[in-house]
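What follows is the residue order along each chain.
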Amino acid sequence: MHRNTARPLSPHLTIWRWGPHMAVSILNRVTGVGLSIVGAAGFVWWLVAAATGAEAYNSFLDVATSWLGILVGVGLTWALVFHTGGGIRHYVLDIGAGYELRTNRRWSWITIIGSFVVTAAIWAYILGVK
Amino acid sequence: MGTGTGIGRVRGLGSSGVGGAHWATERMISLATLPLFVWFVVSLLRLPDMSHTTVVNWLSSPFNAVLMVLLIATTFVHLKQGMQVVLDDYVHDEGTRVLSNVALVFLSVAGGAAAIFAVLQIAFRGTAN
Chain A
6 MHRNTARPLS
16 PHLTIWRWGP
26 HMAVSILNRV
36 TGVGLSIVGA
46 AGFVWWLVAA
56 ATGAEAYNSF
66 LDVATSWLGI
76 LVGVGLTWAL
86 VFHTGGGIRH
96 YVLDIGAGYE
106 LRTNRRWSWI
116 TIIGSFVVTA
126 AIWAYILGVK
Chain B
3 MGTGTGIGRV
13 RGLGSSGVGG
23 AHWATERMIS
33 LATLPLFVWF
43 VVSLLRLPDM
53 SHTTVVNWLS
63 SPFNAVLMVL
73 LIATTFVHLK
83 QGMQVVLDDY
93 VHDEGTRVLS
103 NVALVFLSVA
113 GGAAAIFAVL
123 QIAFRGTAN
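Residue numbers (our numbering), protein chains in the order written: chain A, 6 to 135; chain B, 3 to 131.
To be clear, the hints were calculated from the coordinates, so they are not data collected in a lab. As the structure is a computational prediction, the values presented were derived from the model and not from experiment. Even for Gly, the Cβ is constructed at its ideal location relative to N, Cα and C. Heads up, a few of these hints could be off.
[Said to hold, decoys possible] The calculated label-pair distances, taken between Cβ atoms and stated as ranges, are: (1) A:Ala59 with B:Phe108: 25 to 33 Å; (2) A:Thr19 with B:Phe108: 30 to 38 Å; (3) A:Ala129 with B:Leu15: 32 to 40 Å.
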């Protein structure tokens, strides 16, 4: 398709002043891409290894419980929690609610801070119990 | 593409060429993933450990196996739909955009099929040997 390069471009990430609303929006996409690639790969590996047998499963577990594996695990937990929060926020926006500047700002901050709180709670539970 | 009315000029445009049905099904599918993931995370946290025996026994339950199959199906459709929007938005060359979308469909179907088969294999085999 022919593209007219002289056409004005809509403002993008480098133009907007950063605020919690745009951060939540772009982070929802970033976490979605991360979950789709790293999360899905780890998830499929986990299940296929479990179906293959104890030996295959243990080599998955060795990687997953290494310091790098735990780091990725914490990152994926945060991405999943954030993407869930961002998704719920989008449902509210999709019905036409929550666009008032102050309301939008508040729920954006709640999504960001909440994602860290829930991730910390999940990993405190994992490390505390096991 | 029409040249008269405003709707006639924009119909079929946008980065993917289509959009309304995609937008609606994306929201319907992700609504299903929400309770499934809450169940999944809570279930994993409630397991005494993540050993092979524990995980295989957990997946051997028909209830858990069916919910896992539903979770995998909805999640991989959601993955495909979400990644498609990202590709349509950021891959500007039309040929590369179509090819990357084909690769996305192949990979997400293959990943989902492998995961579902693994769950069924465990469920039909029964508890750990």
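What are the numbers of the hints the structure violates, in ascending order?
The structure breaks only hint 3.
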